[in-house]
Structures are given as C-alpha cells and as structure tokens.
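Protein chains in written order, with the working numbering: chain A, 1 to 327; chain B, 328 to 585.
Calculated from the structure, these hints are not laboratory results.
Hints should not be assumed to be uniformly reliable.
Below, a sample of chain B positions facing chain A; criterion: calculated Cβ distance under 10 Å [what the hints assert, rightly or not]:
1. 447
2. 452
3. 455
4. 467
5. 479
6. 490
7. 501
8. 537
9. 540
10. 541
11. 548
12. 549
13. 551
Cβ atoms here follow ideal geometry from the backbone N, Cα and C, with glycine treated the same way.
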Amino acid sequence: MNIIEEGQAPLFMNPDPDKAREFFRKKPRAMTDKRMTEKEAVDMFIPDGCYLAIGGFGANRIPTAILHEILRARRRNLGFLGHTSTHDFQLLCAGNCLKKVDVAYIIGLEARGLSPNARRVMESGEVEVCEWTNYALCVRLRAAAEGVSFGIARSMLGTDTLKMSGAKVIECPFTGKRFVALPAVWPDVAVIHVHESDIYGNCHIRGISVADLELARAAKRVIITAERLVDGYAIRINPTRTVIPFYLVDAVIEVPFGSYPGNMAYEYFSDEQHLAQWLKVEKDTDEFQRFLDKYIYNVSSFEEYLELCGGIKKLKELRKLEALVDR
Amino acid sequence: MMTSAYNKIEMMICTAARFLEDGTTVAVGTGAPCAAAMLAQKVNAPNLVIIFEAGGLAPLLPQMPISVGDSRTFFRGIMAAGMNEMMTTCCRGLVDYAFLGGAQIDKYGNINSTVIGDYYKPKVRFPGSGGANDFASFCWQTMIIAVHNQTRFVEKVDFVTSPGYLTGPGAREAAGLPAGTGPHKIITDLAVMGFHPESKEMMVESIHQGVELQDVLQNTGFRPIISESVKTTPPPSDTELKVLREEVDPGRYIIGRQ
C-alpha cells in the first residue's frame, strides 16, 4: 500500500490482531463471581509497566478508588491512553506513575484550568508522548474491538498532530482520496466506573457512554467499579440495557460514590471545591506532598477518603446539585 | 440602546453567541464556547442543536457545562450517546459549526493547543487536540473564541494542533481534508475576524464598540487584512448580559477571567 506520509512518534502497543486473538482465546468465559477489593484488582491486573486506559471522561464517571490504589501501590512506568483525561491524569502524574502516554487531551481540567503538577511532569521530558485526537483514539479502540489492525478517519490531516503521531496517511483504493490509518490499540487493562453491575460484570451505564463501549471490547482485561451491585435478575429482566457483558470483565468492585470528586450522571455532581483545591495546592510541591499524604497515601480506603472530604453531608450536597433540586 | 456596564469577556461571549443561527448544528469545545452556545440557546437560537464530543446531544442546558462530558451536556437532551456517535456525525457532514478555543492562532486560522516552544523541550505543554482537531477537520465552518493578544495571535503557530487553512488557499484540500470546510469567524474580546475569500488570510470585519482599530493591530502578532467595510460590533443587550450572568455562568468561570 502506498504510504503518503507518516507520523514520527513510536507506537507504544503492537497493532497485530492475531496477538490479541491469542490472548482472548485464553481469556476465561465462565460466569463466575468476580468480586474483589481495589487492592486485589490492582495487584492482579495492573503491574508496573502495563498499558492502562481509564473509562469515563476525565472527571466524569471515573474509577477514582482504583486510581488512588494505583498511587498507594506505587506503580511505575505505566503506559496510558489519554483520551480527555483530566482528574485521572492529574492523579497518575501526582503518583509519578507514567512512562509513556498516547495523548489526545492531558494536563487540563477543562474550564477549571491546567494542572500545575501535570504540566511539570509533562514538561520534564521524562514521559514519552505520541499525539492523537479524541476521535483518533476512539477509532483506534474501535479497530481493536473489531479485531483489525487499523481504523481509518480524516482526523489530523495536514497538521503537526499527525507529524507527532504514530499514524500513516494512505490512499483509498476506491476513490484515490487520502485517509489516516490509525493503528488498533489493545490496552493491557481498562478500568471503568459504571452505575450498576452484577457480581459477574454485566454492566449498566446511564447517560453518555463516551468511548467505554469500544474500550471495554478493546482492553485485554477490564476492571469494573460500580456505584451499586445488582442481582443478576436485574440484568436479565432488561437485556437491552446491558452495555458491557460479563465475559469482557475480570474484576468487579462495588464503590458507592466511586467517581467522586468527579461527576456521576443522575447520582452526584463533581466536587468543584475539592478539584479547585487540587489545582491550588499543586503550585507548591511541599504543600502538594502533604495534601497527597493526607488524602491518598495515609488513607486506607476510599470510604475514608470520602469521610475526609466531608462524608455523607458533602455527598448529599453533590446529589442535590446533580438533581438541580434547588435551581 | 441602553446597555449596562460589561467586561470584555462578556462582550466576546455575547458576540460569539449571535453567530449561532437557530436550527443549525454546532459541536462545542470546552470553556468559553460552552458559555456562548448556552447563551445562544437561551436568547437567539432556541432550536440550536448543541453537540458534545463525549456523547451529549441537544441538551436544554440548565447551566454552563464545566466539562464537555458532564451531566449538563445531556440534561433533557435528545440523546445520551458516545464519542463515536457524535464524531461520526461530524465526519458525515451533518454538523454546521465547530466552536473552539485555542492557545495560539495564526493568520490562516490554524490552532495550537499542544505546545509553546520546541516540541521536545516545550516552554509550556498544553492539553493537546482533545476533540478540536476532529471538529476543525469535519465541521463545515469553524469558529474560534479567544482573548485577543500578541502572544495568542501570531504569524505562525508553534504547532498546528487543529487545521485552519494550513499554509493557504488549497492546502486543506491538498492535505485530504473534506472540501468546503475551514475557519469561518474568530471572535475575540476586541473584534470579529473572518478570512479573505481568496488569500484565506485573517481579515478584521468588525471592531467592538469602544475599541479602536489600533488596539486590534497592537494586539495582533501579524498584520491582518482590514476589510474595506469594517463595522462596529454592537454591544451586548441587557437580556444577553442578564442571561449570561444569571443563568449561563453564575459561578463566573468564564466571565470572571480577566
């Protein structure tokens, strides 16, 4: 095939679908009870050096409990799929967990501003990067989910984003037009927070799914944290609502308020005061370290973190904000 | 028309909102574009279809989203889908406008939101494309909202994150981008700029009330084309200001920035 142009950044993951098929051939299909603790899930499925992807959208429907556990486990040299990663990326930078990042959106927290610490980390030159766009990463996951080695799109054409990516520009065999070939990416592990799961990992998500349907099908292993566990009958009574079937899933952990301080649609709004505090304390490295000790390293569980942040009183406020009851 | 005192950011948001016609589709980036799209929906374009890359389609926005993936982006919406659904809708040519911000913008409307300085040793690392490159590639017309200063408006951006007219006439098509797409308006706190139909260079079309052409030129890092018929941008109306302050951004995330 005629390659017209190609990005100069390295690919972090092998796009060969047969390598992925070999893995999936051995993946267990039995519908077993997959409940475990956050710590067990990180120990079993997120080793140093693995390539990680986080579901949701930065500070919306994120699996905070697992991210905290990754920091406490002092994981290093992780690869990361950065598709609109905001508070999740901020956490992984705070723990110095990252070695290489596929970038679509990092460092920022959208309208809230940029993370000073994530900027320090990414400006240090110690983390390898490869540029993409949000849709390009979505296409890469979709290609992986389809079991092919690349997907195509017209993103990045003519830009430096393409030059600093791992994509290749190819000519369409039908029209002669240019398209961007985007290599499939099978993350070693994805962590996705959902509204409901049964003990086997059959999941319901309310509201937007972002790129999680593609992600759950692309990732070799999937850790689910769920606002609440439901009986298997709750899945079978309405199979239309199942968005992630159990055989994709390796671990299930019930974490009420698990997206805190992020937003969880129809459940609770983001804690903007806490997120603003993060951006503030990051300016001073000593103060930031004390903050991390207080909220993450010296904390033994996600429940304890929620208590530190204001507990049920705060969570009730965030529920009211989400429901717009006092509007 | 009597108009209360307003700041430059409010002027920028109100002006931007007027460019969104009722019954059109717009893909909205994070920050100021969210505020402008919501204001448009509340004031001049009640049937505006606002598209968010994370999956929200046509919400009746109850407040400005802080994130383009928060629950406000599908509040009483038509659909809560995912990124694939929203982006492929743009790919197929169903989306009229992209509404974006940017750290650096050049005379061809190219946007940099990746790095300032050398790529490998950046002075400042910014978030990257997010969905901006995709929107600027696929939506029919791209509009950019940005505060006007010399460091933002430059002759050539340090890094082309999202495509404007690239190196000039014909460059988008030559690169393989869909024909008939490209930058349309740049709305700043000082002026509105379009693009010259032939040279595709940025062109000052209207200057906000109380601002002099000299202010615009001094805050632009290159010499823009000046339209032969430069207009004065009308100031925000009382209704626009009231809705902007009380409904869109009561937390002053955007309009409180100076």
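Hint by hint, here is what the structure shows:
1. 447: Since chain A brings a Cβ to about 7 Å from residue 447 of chain B, closer than 10 Å, the hint holds.
2. 452: Nearest chain A Cβ about 5 Å off; hint holds.
3. 455: Constraint on residue 455 of chain B satisfied, holds at 5 Å.
4. 467: Not OK, violated: residue 467 of chain B not within 10 Å of chain A, min 14 Å.
5. 479: Violated, because the Cβ-Cβ distance from residue 479 of chain B to chain A comes to roughly 15 Å (cut-off 10 Å).
6. 490: holds (5 Å)
7. 501: OK, holds: residue 501 of chain B within 10 Å of chain A, min 8 Å.
8. 537: violated (27 Å)
9. 540: violated (32 Å)
10. 541: With a closest approach of 32 Å, the residue 541 of chain B hint is violated.
11. 548: For residue 548 of chain B, the interface hint is violated, since the closest Cβ of chain A sits about 19 Å away, which is over 10 Å.
12. 549: violated (19 Å)
13. 551: violated (22 Å)
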